[in-house]
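K.L.:
For reference, the chains in residue letters:
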Amino acid sequence: SLAGFGNLMQDVLWCFSQVKGTIDIGVTEADIISTVEFNHTGELLATGDKGGRVVIFQREQESKHQPHRRGEYNVYSTFQSHEPEFDYLKSLEIEEKINKIRWLPQQNAAYFLLSTNDKTVKLWKVSERDKRPEGYNLKDEDGRLRDPSMITMLRVPVLRPMDLMVEATPRRVFANAHTYHINSISVNSDYETYMSADDLRINLWNFEITNQSFNIVDIKPANMEELTEVITAAEFHPHHCNTFVYSSSKGTIRLCDMRTSALCDRHAKFFEEPEDPSNRSFFSEIISSISDVKFSHSGRYIMTRDYLTVKVWDLNMENRPMETYQVHDYLRSKLCSLYENDCIFDKFECVWNGSDSVIMTGSYNNFFRMFDRNTKRDVTLEASRENSKPRAILKPRKVCVGGKRRKDEISVDSLDFSKKILHTAWHPSENIIAVAATNNLYIFQDKVN
Amino acid sequence: MFVRGLKRKCFDGEEDIEGTLAGIKAIPSYNLQRQSLLDMSLVKLQLCHMLVEPNLCRSVLIANTVRQIQEEMTQDGTWQMINTQSTGQASLDRLVSTDILCRSSREQAEGKHVPGYSTFNKDFEGDQAQDSLETMSTASSVQAPRNLQSNVWEMENPQENKGNFQKSLDQIFETLENKSPNSVEDLFSEVDNSYYDLDTMLTGMMSNTKTGHCDGLETFSSPTTATSSSNCKSDLNELDHIVEILVES
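Heads up: the sequence lines are chains A and B, in that order. Its first residue numbered 1, the first sequence is counted upward by one per residue in UniProt numbering. Its first residue numbered 1, the second sequence is counted upward by one per residue in UniProt numbering.
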């Protein structure tokens, strides 16, 4: 059911379901999860990591024997999507880290997804094979070629069942179109095109054509010394295939219509919250930089994440957001320390639930936050091994800001800033969430009565 | 994790001290903290030269912060004051508590106006050798980068260092830009040798190593030994020489 976080009668209780990944004290950097994404039905859950690998989990069919257990996610396919490369022209390495994964809607038996690192987007086909042909004429069962002169009869090969094999094959490689680092990819609702955005440019691709892309946004100044703003995220409208938005490091969002001109240098709408001049500090711009932008499923709203807040904007109101939610305002007095240790540049993502009634985003200390837009209530939960007993209900956490710390509270200075939840995903229609905590993937579900 | 240090002695429990602009400026801790933030930012920008391409968003945000500080210091006239302040080693260890900086300007001082940033001074486009930074004191402008590489700067003629701070920001950006050429032409564009020298000194990394594929180009003169941060620059110089020779033949 599309239960919101809190209907009038009862709050949703979140329970631990599964955790994937090792418990090693030392985390291998390659295992750090860098992106998480459910497919359109929620049947598949994909993760990408710093080592360039993609792991896809598939939800098991719910068992009639265990009605209290919702379908579990188990590994379906693992493949190496990107390899490290070396750019000889610039004497620089190109990281294999997967920045984003986006699924295509399923149109046949196979699954398709886009995965990207800093420079190259790839279209992967994931398909099952559970039969194989046997009885070839020209080769024997080991695959060795037969001498044609020795063949005296012909037979028709037959398909015989085999153990299920899941294959991932790269169907398209979209390369050499980005000078700067790709931060976003977004599949268009026409399912024929998609866009890739880097710090300064956005390109439009046709899935069938890999040697050509159209540049639709270019904010690179003629003189790089004049550069003061970069593109931080971009996304297509879920229904209108001519509309997309992109966010900037200055806290602005531009909505563009591709019908107006080939190069969308002029926006159709410009969303910016006026700055409160009395609240200005040296860190104002940095914390206003938008790290993620997401359309609501309805297409009526956009949600943006900056360092301290999540904002929901109405597409019809450009001059200020409709709603602002404080994620961890207790960090406001610590900004200089967070600038010193670079945490202030952490890019947190944000997600909508299926009904657009609840939004979720991550924080530090493996905390993540949910905000119910209707009841205006919020909760802080933690992804940790301590709370990882099957169906254990997650207890709300609280950060103590000053004064007396209560028993269950944690003080700001005790927060572990190396444990950051940057990537989360929400099942498209159910209360199932996936939370990436460094190298572990946690799956939580709402309590089944 | 959090920096402990100078407590806000001047502000503790004394809301009424948030008075005039002059009152704030008389309190050294704000300037010290601001200077500390400036130093930290410059160090961060220089540390961008890693094996992997630096994060452009982060660099832009840091550079904007540096500009903001610089503009405020220019407007306050405290750019002159840097000369008189102690210029000890600017390591991260000496960063002071920056509570004041984290507070909004309203909290810091009634009516204190923090200027918004303008785009970069266009006088610096192109020829970096020219000093067109009229508003900055020539002697005191040495001090900001001096804090970072004090032994290197002492060798320099102060006259050459006019507007060096402004230049250094330019050059950091130039370096970032040159690591991301958007066309083959950029690779072969003219590189000002004097700029290269400044870049070398600014980063202060005087390693002798060059990348492997440059080894065969030793016959071409390069201004100084290549540094790990300006390998790209030396490559450009050498490529430049190659093109010249190819064109001539």
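Quick caveat, the hints were computed from the structure, so don't treat them as lab data. Because the structure is a prediction, the values reported are computed rather than measured. Accuracy of the hints is not assured; some may be wrong.
Said to hold, decoys possible - FRET-style restraints, in silico, Cβ to Cβ:
no., chain 1, residue 1, chain 2, residue 2, range
1, A, S388, B, V43, 36 to 42 Å
2, A, E141, B, V52, 46 to 52 Å
3, A, K125, B, V52, 39 to 45 Å
4, B, D76, A, P170, 53 to 59 Å
5, B, V52, A, P170, 22 to 28 Å
6, B, V52, A, D408, 38 to 44 Å
7, B, V52, A, D31, 37 to 43 Å
8, B, V43, A, D408, 37 to 43 Å
9, B, D76, A, K404, 38 to 44 Å
10, A, L263, B, V43, 36 to 42 Å
11, A, I219, B, V43, 46 to 52 Å
Don't be surprised by glycine CBs; every beta carbon is placed ideally from N, CA and C.
K.L.:
Next step is simple, just say for each hint if it's right about the structure.
P.N.:
The hints, checked one at a time:
In this structure, S388 of chain A and V43 of chain B meet the distance hint of 36 to 42 Å, their C-beta atoms being roughly 40 Å apart. Roughly 48 Å separates the CB atoms of E141 of chain A and V52 of chain B, a value that falls within the hinted 46 to 52 Å. In this structure the supplied range 39 to 45 Å is violated for K125 of chain A paired with V52 of chain B, their Cβ-Cβ distance being about 30 Å. Remark: the range hint 53 to 59 Å for D76 of chain B to P170 of chain A is upheld by a beta-carbon distance near 57 Å.
Checked against the hint of 22 to 28 Å, the pair V52 of chain B and P170 of chain A passes, with Cβ atoms roughly 23 Å apart. A hinted range of 38 to 44 Å holds for the C-beta pair V52 of chain B and D408 of chain A, which are about 41 Å apart. The hint said 37 to 43 Å for the Cβ distance between V52 of chain B and D31 of chain A, and at roughly 18 Å that hint is violated. Under the hint 37 to 43 Å, the C-beta atoms of V43 of chain B and D408 of chain A, about 40 Å apart, fit the expected range.
Taking the beta carbon of each, D76 of chain B and K404 of chain A are about 40 Å apart, inside 38 to 44 Å as hinted. A beta carbon spacing of about 38 Å between L263 of chain A and V43 of chain B agrees with the range 36 to 42 Å that was offered as a hint. One distance hint, 46 to 52 Å for the beta-carbon pair I219 of chain A and V43 of chain B, is violated here, with the actual separation near 28 Å.
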